[in-house]
Each structure stands twice: as structure tokens, then as C-alpha cells.
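Protein chains in written order, with our numbering: chain L, 1 to 752; chain H, 753 to 1040.
Since the hints were derived computationally from the structure, they do not count as laboratory data.
Just so you know, even glycine gets a beta-carbon here, dropped at the ideal spot from N, CA and C.
Some hints here could point you the wrong way.
Among the chain H residues that face chain L by a calculated CB cut under 10 Å, a handful are [to be verified]:
id, residue
1, Leu785
2, Gln787
3, Ser790
4, Arg893
5, Thr1012
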Amino acid sequence: MALDDRKSDFTFVGTRPNRPDGLDKVTGRAKFGADISAPGMLHGAILRSPHAHARIVKIDTSKAEAHKDVKAVVTRADFSDKVEFKPGLSGEFWNVLENVMASDKALYDGHAVAAVAATSALAARDALKLIEVEYEVLPHVTDVDKAMAPDAPIIREGAADYSVPEGMHPNVVRYHESGHGDVDAGFAEADLVIEDSFATEATHQGYIEPHACMGSLGSDGKGELWCTTQGHWIAQKTCAALLGIETSQLRVTASEIGGGFGGKTTVFIEPVALALSRKANRPVKIVMSRSEVFRATGPTASASMDIKIGMKKDGTITAAQGIFRLQGGAFPGAPGDMTAMCAFAPYNLTNVRQVGYDVMSNRPKQAAYRAPGAPMGAFAVESVLDELCNQLGLDPVDVRLKNAAHEGTKASYGPTYERIGLVETLEAAKAHPHYSAPLKPGQGRGISCGFWFNHGGETSVSLALSEDGSAQVMVGTPDIGGSRASMALMAAEVLGIPYENIRVTVADTATLGYNDVSHGSRVTYASGLATIKAARHAVEQLCARAAASWGIPADAVKWENGCAVPSGPNAGDFDPRPLADITAHMGATGGPISGHFEATPEGAGVSFGTHIVDAEVDPETGKTSITRYTVIQDAGKAIHPTYVEGQYQGGAAQGIGWALNEEYIYGDDGRLQNSIFLDYRIPVASDLPMIDTVIVEVPNPGHPFGVRGVGETGIVPPLAAIANAVSNAAGVRMKQLPMSPPRILAALKDNG
Amino acid sequence: MNYHSPASFAEASALAANATGITRFLAGGTDVLVQLRSELVTPETLIDIKKIDGVSDITQNADGSWTLGVAATGAEMSEHPTLGRDWPGVVEAMDLIGSTQIQGRATLTGNLCNGSPAADSVPAMVAAGVTVTVTGPGGDREVAVEDIPTGPGKTSLTKGELISAVHIPARGDNAGDAYLRFIPRTEMDIAVVGAGVSLRLDGDTVTEARVSLGAVAPTVLLVEDCAEAIIGSTLDDTALEALAAAASAACKPIDDKRGTIAFRTEVAGVLAKRAAKIAYARAKGEDL
Ligand SMILES: Cc1cc2nc3c(=O)[nH]c(=O)nc-3n(C[C@H](O)[C@H](O)[C@H](O)COP(=O)(O)OP(=O)(O)OC[C@H]3O[C@@H](n4cnc5c(N)ncnc54)[C@H](O)[C@@H]3O)c2cc1C
């Protein structure tokens, strides 16, 4: 996109109006996943494996089926690879199906094996106890390093793809290697080389709203699905495939969503509700309990990593190498490649090499969690950088500035960067009062940079003008972070009408073209770009109508402050025609005026952030408190600054949880031990400091207003920044997350 | 499930004595209802004791001692104008439980009879020397709090028995108590270690002390060696170190998802010291 096409002075963009969905949410009127019901509706419940790994010898559903309140029971036999009209699902659809309902083996504690629909939620729950499942328990493995060891039980033979080198354990299913230069030569040039190993545990996205849906599917193959999701088109496509129906025959409506963070980009209960409905011939609602959410929906991957970095005395990085092993549950998909590609991406390196492994184990299928894979790698790499700075007596911001990637840098993962904002975030960090504030005894400061790619994706937006001059915008990306407000601001900017006169709706799959999921930090970028273009499309028609009324050519009219005006003195002397004046007559002047835009925009623009954290460690108990936190991140252009800040603060808050206390804890039996919020310790409000934010704006050349997505980068630096702060406070390098009090106290004792 | 709301403890006792299957008394229900909903415990008989006269009363007796009804909630204890002045440790331990919503329901007796080794109010009650009246088919008996729990989820109450009142001794002069717990977060968590201390001074010297630990053994511990470590001292560093060592030595913890043996053992000593210092300051009249 040409730079002169890009706007830089704004009327609406950059202001902070209330969100259009705010009133509904604070009054309880907003309808979330579980807020649905329909006449004749049944309640579904899912039976889950109590074993980490077991062969399913036999499932006897006869007693459940005989119960008077039970209207349907389904097992894997009721899905499309087992029914006659669509045998042989393959690829990711097969993986999702296998996750949604086990076939011959239960692959993790919590894996679905059967489901019932009954006349009440209680009856459904009780009916599960009538289903008899005979299991043959198999050896299991839940740890990533153990899952790669020669004697590890095999989760599924033949799951590896072409990328995996000969001789690896069958649980290694994907391999990534990239980089440039000669790392050995680079290490030889270094004054100091540090090599160390790091580990992180799996964490859950922890969205407040459990998965919930209601599905209805008739014997005619036509269906309706209501669900809480980050992407209803992917739900439509996947459910249709899993049930063997045509995609367009399933209409999916996204409810209001109580958080997703990547975890609601796939389906779990939706195909089950539809399968039950098809059998019972009635709508079926399923709502997960929190324990089901923990046991059976996507946590992030756990990681084991080896990092080696060489540095000169002046802070120049001479070479960097990382090996990243990620466990993503009983299916391919752990983002070992993403971890590898992001780990060194903030730096301008001559010699860099990164290797990523995708490893299967007996855990739930990992799902995306904000910048999937990137936070773990940043934790390992930025910890080693911090240690290098400490040992060489260098300032950690200066060292990062010295090595920072900029426009023209060949990225560690291959491409050459366009205009990026890392240096600006580091300069803002250096200038921030936080960075120079004195620390109290017992406190430590940590900093870290972070990188995420950002994503474009298939996008359709439709905009229709009303006779009274108001506008309705239909987008296909569920609003997980205030995006309806941002869309309205961007449409207002183009149309020149007030924010309040625009209503943005998340359209269902039957009313708009395909839209990729609300993920990859893409919504404000891609749906925003499409909204701008759709609005411009409408403006072209508004100008044409004015031109016709004035009897001058369409290109002699331009759009200014919400009015059609002659483009110059030569075009003639006519009074400006406001939007509402044109729309009032649109029926008689050519018909309704709408704008559309469909594309897969490619210019998402990578994003960088720098975080500063102060931590205090109680040396007698190992308890950490985060005393100060500052997030600095490049937003390209902040459309609605409050929601940009919200994304930054949310990243920091989730990062604090991941760094300090959140973890999946498995017993020797391979069962998840902490599947409730009591023992899965996300931060409570009083655990968090006020999180300060600085929005850096280095416009993205790929967006008309300069937007870069901000939803994910914010969770990349926290693990490392907090680990560096804690390590500096405790005087001992913490290499394993979470840095729970027992781990810190043990490290302090080991350190003498 | 059968639900009863008797009008007297005798009636409640008779109902429990004649009930079959799993029986639970319903005080605040913050354990019972949570266990019911998560399918951990599905009682056949539920006996609600909140309709019995006087069960929410908090009364100071003529001798300065206190009698609390078994349905008096955490919020009612915290809001009481003088109870917290006498026994700040007991009140703050109860106040640590859950959130505002939970505080409006939760009771000392429920916390005790649920039988969790990590129950917060229990070490504070043990340190304070609290006793309870147990009403059963054979009449009433007085039992020290430390004699109620017998293991995780288990109590010494026999079939048909329930607690009908809680007695906190008169505080007397120059005395103070305190309770501290360790949790990895700042609230809404379960004690990894708890320590309650109650002591009395003569001048600067500790003359009486009771030290109790929670979450470090199958039941709450009343640790004589801890008391001995500080009685006769001015709570100087040597006494505090001896207290910590005695506390750690008394621990018989487990490794679990909430903490390790090594961690619990170490932190029990740390918390005992810290709680003792607060109780000492309170005994000296400092407002903590
Ligand atoms: C969100 C949440 C947070 C919590 N946080 C904490 C915490 O921080 N610390 C903590 O220690 N606990 C905590 N709890 C647990 C619980 O709130 C406490 O144990 C509370 O004190 C229980 O009191 P209750 O009156 O609600 O008991 P109930 O649930 O009514 O009863 C608990 C048990 O006591 C028995 N019982 C009740 N009354 C009598 C009686 N008169 N005689 C004999 N037996 C009786 C019942 O049969 C039952 O077994 C929490 C619970 C929740 C839900």
C-alpha cells in the first residue's frame, strides 16, 4: 500500500468513546454462550476418560438409552468418519474429531468417550453414570522430555510428518530448523558464551466463560448452532465436516464471548451437541463445567529449551542458538516452530540457528494461547541475555538497543523487516521514569523484549447505510477485545458521521462471506482494513449520487467531513451534501447504498514490545510480589487507546500468572490434579500492581491507518521480564516456570 | 435427599442419630454445597441448624469469656464491636476465609467440622484454647477444639452428635493472639501452612503461650515445644529461632500440588515466628 494512501490526522480514531456493547454487558442483557434456550431443548453431558491413556475395549450405552429422561446417546460411531455418507476424514479435521470424541483409545485424562442428551442437565449428568466403559489401561507420558525418550509409550504411530528426521521417537511429529550465518564461528568470536536450559509448564487461557453451545440438526441435513467462539466460520466448517453435512447448511451464530485468548478457535462440544440433536431430533445445549474446561480444552504447550548465546564485551551478540521442545498433548500441533521462529526475532543477528520440535504426550490437545509458542522462547532467550548483561556489567536496555532489529534487518526466521518499532519501544523504556526509579532492598528489576508476527486472514465486511444517515456494519470476527468500538471509529473516520450513529454487528455465517477467526491479532488490522475499504466503497457511491444530482462527473466530487463536495473550483459551485441528505433520497436515486470488502490482507505488520518489571521476593518464604509493571508496545496506530491499553495490561496480568503460579499439575497416574480455580492459580486482582502502559506508534505500512495488531505481543515479554526481575531480586537465576514459592525457596537454599 | 430444619439441638441430634446414609449438617453450606455440586459428597440427609434459636448470637459472658452460636458467620464476627479487640487472631483467621460472599455464610463450626487440615480458623481457635459443646443422644459434653479433627475429612463426633456452641476463654490482661497463613497469592486460596499463637506477658516476658500449626500434618497441631521455646523469654532472637526450629520439627507434612514437604517444614517456622511477634506486640497493647 502506498504511503500517501495512508491517513495520519484523525477525527474519531484515537478517541476513547464507550463501547457499544457496554450497557448490555453491565446490565446482564448480553447473551453469552450459556444464555440460550429453545422450545423442546435437551441438555447434553459428556462422559470423559478417567485414564491418561487407555484402550477402549467396549462401551455399553444400553442402560443409559433405556432411561426415561434420556433422548439420545452418542459415541464416535455417530460422527462422519464412521457414518456412511462421509467416510475417511483426514488431516486436522480428523484430529479435531478424534479430540471431540475418542475412537479406539482414550488419549488423556478428560478425553470425551460418549455423550447423552436428556430432559434436564441433572438427568444428563446422572445418565452418564449408566454408561459402562471397559478400558485397558496403557502406559502414559505427560512430560515433554520423557515423551521424546526412546522408551516412551507411543501415543499414535504414524502421526509424524515429512519434516521429522530419521530415528526420532514416533511422538516427535514435526521438526523445524531455520537461521542464517555460522553459529560456531560466532561463538568463537564471543567474549562470553552462556549456555543454559529452561522449562515452562502448560497454562490454560483461563477465559472466564466456559464453553457453551446449543445445536440443532435435522434429518434433512440442515442445522443451526449457537456457540461462544472466536470464529464461527471455522466452527461451521469443522462441524459440517465432522458430521458429514454441507457447510452452507449449517448456520452458526456467535454469542457474546467471555474471553478466548486463542482457546476458542476450535470446537469441542459443538459437534457433540449437533450429533446428539440429530439423534434426538431436538435442540441440545451443552455447557462445560470449569473442570471440563481445564481437563479437555486447550491449554498451551509446555516447553523444554536449551539456549546458547555469545556476546562481546561491548554487548554485541555474536551468535545465538536455541533448541525448543514443545509438548502439545495427544495430537500434532504444538507450536515448536513458532517458538523457534520468534525466539530471536527482536535481534539483528549475523549468526543464528533455531530448532523446534512438536511432541505428543498424554495431555489435552493444546490450543492457541496469545502468540502461541512465543512467550516460552522469549523466557529462555531473554533470561540468557539478562545473565550475559549481569556478568558483563552491561545495561540490559542498552544491550538490546545495540542488537535491536530495525527496518531492513534480516529476521532470524528469514524475511527482511519493513518499518518496525522495536527500537522506539526500547528508547521509550529507557526514558520511562520506571526504568530509573530506585529499587528497595529485596527488589529486582527485569526487562524483556518480545515479538509476534500478527496475521491477516480471510476477511469480509459489509456496510449498509440507512435513510436517516446512520450506518450498520457487519463484521465476521467475534468481538473479544472491544473491536466493535474500533470498527465504528474507523467507519466514522471514513464516512464522517459520529461514532454513535454506527452500529457494528457480528454477523452470523449465513449473512456474510467467510471470515477467519478472531486470532493472530488480526481483527483491528484485517476487519478494520475491510471496514475502511467497505466504507470507502459506500463513499464512492455517495459521491456518485451527489455528482448525478449536480450533473457533474463522479470524479469531480470528493468526500469531506461527512459531505459530498465538488472536488475543486472547476467542478462547479454546489452546496455540500451531507450523508443523511443523500441517503434520504437513495431509494429514488438508484437504490440502497452499501459498501463491501472481501480480501485476505497480507500486510499485518509484525509487532514488538518491551516490558519493565519490579519484583520483590520474601527470602524466608519465596513469595514474590510484583511491585511495578510497565508495558511498552508498538500499536502502529491505536484506534481506541483504552482497548489497546487493555490488551497490554491483560498480557501482563496473564503473564504474571504464567510466570508465578499457574501450571498444569499431573499426578503419577497421569491425571490432572488441579482442574479447578482453587488450585489452578490465576492471579486475583489483589495480586496485581497497577500496570502502566506506553503506546508507541510506528505506523504499519500495510494498513490504511497504520494499525498493527496488539492482542498477542503483550504476553510475549512478561515471562522473561518477571523471571529476570525475580532472579535479580533473589540473587539466583530461575530457569523453570512457574516460579512458585516452593521453587524459589528451594533455589535460594541451593544457592546457600 | 432429605432436608430437615430442626428447632433444637436435641431434635437435630435425634434426626442425625436416626438417619441412614451420608448425613451433613448445614451451617453456612460453603463446604457442603460446594461438595454437593461438584459431586464429591451427595448427602442423603441434610440437617439445617440455622433455624435453631440463638444460633447466630455472639455473647460475652460475665466472666469475660465468649459464647458463639454455631451459625455466627465470619462477617458477623468481624463486625462485632468488641470480639476482635479481645481475640484479633481468631477473628482475622476466620476473616481470611474466602470472599465477601463466603464471609456472609461461613462459620467457625463448619470450618472445624469439615475436617480440612488447612482450615484457617482452627489453628487460631486451638491457640486461643477454644472449646465446643457437643450435643448428642447422651447429652452434652465439652471438648477442646484440637480434639475434634481426627484426620482429613474426619472428626471425633460420633453418630448423632453435633456442635451446639463455641466457647472462647476470657482474654484477660497483657495478652494477644495472631494467625498467619501462607498462600502463594494474596487471597482466595488455601493455606499451605498456617500458624496461630496466643500468649500472655508479665512485663516483657512471655508467661503463657499456645502455638498451633495448620496444613502441616493430617490434623491441626498444638505444639508444646513451641510454647516452651518462648515461655520465659522476651521473644528475643534466640527464642524466636528456637520457636521456628520447634515448629519445623513438629511438622509431618505431605508433598502435594499445594506445596512440598521441605517448603511446608521451613515456612511453618517462619510463620510461627512472625505470628508470635504480632501476638507479642498486641499483648503489649500495640494496635496491630
Ligand atoms: C470460595 C471459597 C473459599 C474458601 N476459602 C477458605 C479459606 O480461605 N480457608 C478455609 O479454611 N476455608 C475456606 N473455604 C471453605 C469453607 O468456606 C470453610 O470451611 C467454612 O468455614 C465452612 O463453614 P460453613 O458454615 O459454610 O460449613 P458447612 O458447609 O455448612 O459445613 C461444613 C461441614 O461442617 C459440618 N457441620 C456444620 N455445622 C455443624 C455442627 N453444628 N456440628 C457438626 N458438624 C457441623 C457439616 O456437616 C459439614 O461437614 C472456602 C470455601 C469457598 C467456597
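Evaluated hints:
no. : hint    : in the structure
1   : Leu785  : violated, 15 Å
2   : Gln787  : violated, 12 Å
3   : Ser790  : holds, 8 Å
4   : Arg893  : violated, 35 Å
5   : Thr1012 : holds, 5 Å
When each numbered hint is compared with the structure, violations occur for hints 1, 2 and 4.
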